[in-house]
Each structure stands twice: as C-alpha cells, then as structure tokens.
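Chains as they are written, first to last, in the numbering used here: chain A, 1 to 249; chain B, 1 to 114.
It is worth saying that the hints were derived from the structure and are not from the lab.
For every residue, glycine included, the Cβ atom is placed at its ideal position computed from N, Cα and C.
Any given hint might turn out to be false.
Cβ pair distances, simulated, as ranges [to be verified]:
(1) A:197 with B:101: 42 to 50 Å
(2) A:13 with B:108: 20 to 28 Å
(3) A:161 with B:27: 38 to 46 Å
(4) A:184 with B:27: 47 to 55 Å
(5) A:114 with B:11: 46 to 54 Å
(6) B:110 with A:92: 33 to 41 Å
(7) A:161 with B:108: 31 to 39 Å
(8) B:110 with A:67: 19 to 27 Å
(9) B:22 with A:197: 18 to 26 Å
(10) B:82 with A:24: 21 to 29 Å
(11) A:240 with B:52: 24 to 32 Å
(12) B:22 with A:240: 16 to 24 Å
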Amino acid sequence: MSPRFRKWLFLVSTLGLALLLFWAVVALPGFGNYPGPYGDLLNSVAVYERHVTNIVTAVNFDYRVLDTLGEEFILFAAATGVMLLLREQRAAPHYRLPASPRAVFARSDAARWMGLGFIGALMAFGIYIVLHAHLTPGGGFQGGAILGSTSLLVYLASKESVYRRVTPKFLAELAECAGAGGYVVIGIGALLAGGAFLQNVLPLGQTGNLASSGTIWLINFSIGVEVTGAFSILFLEFIKEVPEREDSA
Amino acid sequence: MRLLPYIVAAWLLLTGLYGIVTSRNLLHVIVCLSIVQSSTYVLLLSVGYRTGAIAPIFAEHPPGTPAVDPVVHALVLTDIVVGATVTALLFALAVQVFKRRGEVDPARLRPLRE
C-alpha cells in the first residue's frame with residue numbers, strides 16, 4: 001500500500017469516525033452536568049464508611065481494590081518486560097555497545113546546584129504524597145513516580161557512575177517485588193482475619209488522622225514502594241543504553 | 001461550550017491516529033499513541049465534571065459539598081499509570097528493533113525471516 005493511498009484511506013475513514021464520535025458526544029450530558037449517581041453516592045458515604053477524606057483513594061484502594069491489583073501487575077509486568085528485553089539484548093552475542101559512547105558533557109553549575117539542591121525536597125515531597133493518600137490529593141502511584149524519578153536528579157547533576165551508586169539495582173528490584181507482593185499479602189491477611197480477599201478488615205481509626213482508613217493506607221503504601229522500584233528500574237535500564245565515557249568526566 | 005471538552009478529546013484521538021498512520025519513525029509512533037491515550041483522560045474527566053463543584057476530597061469541606069465524580073478520577077489514574085509503563089515497554093521494543101534491524105521507519109521494516 002503506497003503511503004499516499006494509505007493517507008487517503010485514513011482521511012476518508014477518519015471522517016466517518018469523526019461523525020460517529022460527534023453523534024456519540026451530542027447525546028452525552030453536557031459538560032459540567034455530571035448526572036450521577038455512582039460518584040455522588042460514593043462522595044456521600046465514603047467518608048463515613050471508610051474514614052477517608054480523599055474519595056479517589058477510597059475508590060482505588062477499597063471499592064475497586066481488585067481492579068487496582070490488576071493495574072499494579074500491569075505496571076509490574078511492563079517494568080519486568082523492559083528489564084528482560086534490554087538485558088537480553090545486552091547479553092546477546094552479536095550485541096556491541098554503540099561505537100562511540102556519548103561524551104560526558106560538563107554539567108553546568110546551575111544544573112549541579114539545582115539538581116543536588118532539589119533532591120532532599122523532592123524526596124520529602126514524594127514521601128508526603130505517598131503517606132497522605134487517604135487525606136489529601138496524591139497516593140502511592142503519584143508519590144512513587146516522584147520518588148522513583150528523584151534519583152534522576154543525581155544523574156543530571158553528576159555522572160552515571162555516581163547515579164548507579166546511589167540507586168542500587170538490588171534495592172530497586174527488591175522494592176518492586178516487595179511492593180507488588182505486599183498488596184497480595186494484605187489481601188490474604190484479610191482472608192485469614194475472616195474477611196473476603198482484600199476486604200478492609202483493620203480498624204478504621206479517626207477520620208483525618210494519618211493512622212486511619214484501615215487497609216487503604218497499607219495497600220497505598222505498598223503501591224508507593226512498588227512504583228518507586230518500578231520507575232527506578234526503568235530509568236536504570238534505559239540509562240544503560242546511553243553509556244557515557246567515564247574518563248573524560 | 002457544552003461540547004467543547006468532548007470535541008477536544010475527539011480531536012486528540014484523531015490527530016494521534018493520523019500521526020500513527022503517517023509516521024516514519026517508531027519513536028514517533030509511540031508518542032502518537034500517548035496522544036491517543038491522553039484523549040481518554042480528557043473524555044473521562046469531562047464526563048465526571050460538574051460546574052462549580054469541588055474536587056472529591058473532603059479534607060477542608062464537609063461531606064455533602066457538591067463534588068465532581070471520583071470514579072472517573074480513579075479511572076484516569078489507572079489510565080495514566082498503565083499508559084506510562086506501556087510507553088516504557090514500547091520504547092524498549094523500539095530499541096530492540098533498531099538494534100536488530102538498524103531501522104526505525106515502520107514502512108521500511110520487512111517481516112522477520114530466519
């Protein structure tokens with residue numbers, strides 16, 4: 001199929017798709033008129049039922065907790081897949097490093113100071129986002145993404161070998177596995193305590209306190225650990241694809 | 001205004017598809033796929049939006065204050081996480097293709113022959 005023909009075929013069929021989409025959206029309730037009822041129901045009962053103030057977290061880690069388990073394992077499988085693919089390539093006999101490794105560019109003072117200066121603050125911010133998921137906006141996924149990316153600042157401010165020293169691969173892998181496994185262990189714990197799989201069996205505590213919301217907090221923490229590990233692994237593996245010459249640093 | 005966010009979502013979907021169809025580079029295909037996916041964020045959040053309502057977080061507002069739909073927010077969170085990791089996986093596959101075939105233009109990639 002020639003590119004020209006393909007483009008025309010695309011344009012014609014897209015016109016059809018666009019009309020279908022337009023037909024679909026005119027029948028939706030207009031923007032700003034959410035009709036309910038599920039969201040309104042959750043908004044009115046979740047605070048009392050689960051002692052959380054962030055309803056999105058309650059949905060993710062309690063009402064839809066089984067779906068989030070699946071989502072977590074998509075994340076786990078994708079990170080593992082990246083790791084396997086890239087490591088397999090590097091181990092292949094015909095593999096050779098790129099002919100000329102990228103020269104280490106001199107990090108400017110601005111990059112160095114901004115990078116190193118922000119590490120502590122970003123890390124504290126990430127931990128805060130993970131721990132307060134049930135109270136304020138945020139959660140394990142968001143906080144984990146921040147925490148996993150923090151070590152990149154070391155790479156930006158310094159060089160690859162320093163980055164590898166502060167991000168041990170073993171710890172990243174351990175965090176990913178412990179986080180993913182922890183979620184399932186919490187679910188089985190609920191079974192042993194006489195509830196259903198992943199049921200919120202722990203005492204719910206006082207609404208608004210850090211120690212409240214039962215298993216929601218625990219599952220969220222476990223997710224935070226896993227996402228931190230998964231993001232660290234992704235960055236470690238991809239950065240290995242752009243080797244730097246160590247001598248010129 | 002009543003339809004604008006939905007039309008933005010449809011626009012993102014169609015432009016992303018156009019990019020995928022006409023792309024000459026696998027990395028570009030992956031970025032276009034992310035654009036297609038971001039249309040789902042816009043669509044989901046628009047469906048759950050209510051004019052003048054607060055975010056579904058009752059830390060500073062008493063429960064019962066009109067709020068937007070928390071279910072679509074949870075879905076978008078799932079969507080973003082899955083999107084980010086699948087993008088990473090696709091990038092790894094693109095690196096694999098380039099190393100084995102020395103080529104990133106999908107039109108010039110021929111089927112594998114052993």
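Hints and how they fare:
1. A:197 with B:101: 42 to 50 Å: holds, 45 Å
2. A:13 with B:108: 20 to 28 Å: holds, 24 Å
3. A:161 with B:27: 38 to 46 Å: violated, 27 Å
4. A:184 with B:27: 47 to 55 Å: The hint (47 to 55 Å, Cβ to Cβ) is violated, given that residue 184 of chain A and residue 27 of chain B are roughly 35 Å apart.
5. A:114 with B:11: 46 to 54 Å: Once the Cβ atoms are compared, 36 Å apart, the range 46 to 54 Å for residue 11 of chain B and residue 114 of chain A is violated.
6. B:110 with A:92: 33 to 41 Å: Violated, at about 21 Å.
7. A:161 with B:108: 31 to 39 Å: holds, 37 Å
8. B:110 with A:67: 19 to 27 Å: Between residue 110 of chain B and residue 67 of chain A, where Cβ atoms are some 40 Å apart, the hint is violated.
9. B:22 with A:197: 18 to 26 Å: violated, 47 Å
10. B:82 with A:24: 21 to 29 Å: holds, 23 Å
11. A:240 with B:52: 24 to 32 Å: violated, 50 Å
12. B:22 with A:240: 16 to 24 Å: Violated - the Cβ-Cβ distance for residue 22 of chain B and residue 240 of chain A, about 32 Å, lies outside 16 to 24 Å.
The earlier numbered hints that this structure contradicts are 3, 4, 5, 6, 8, 9, 11 and 12.
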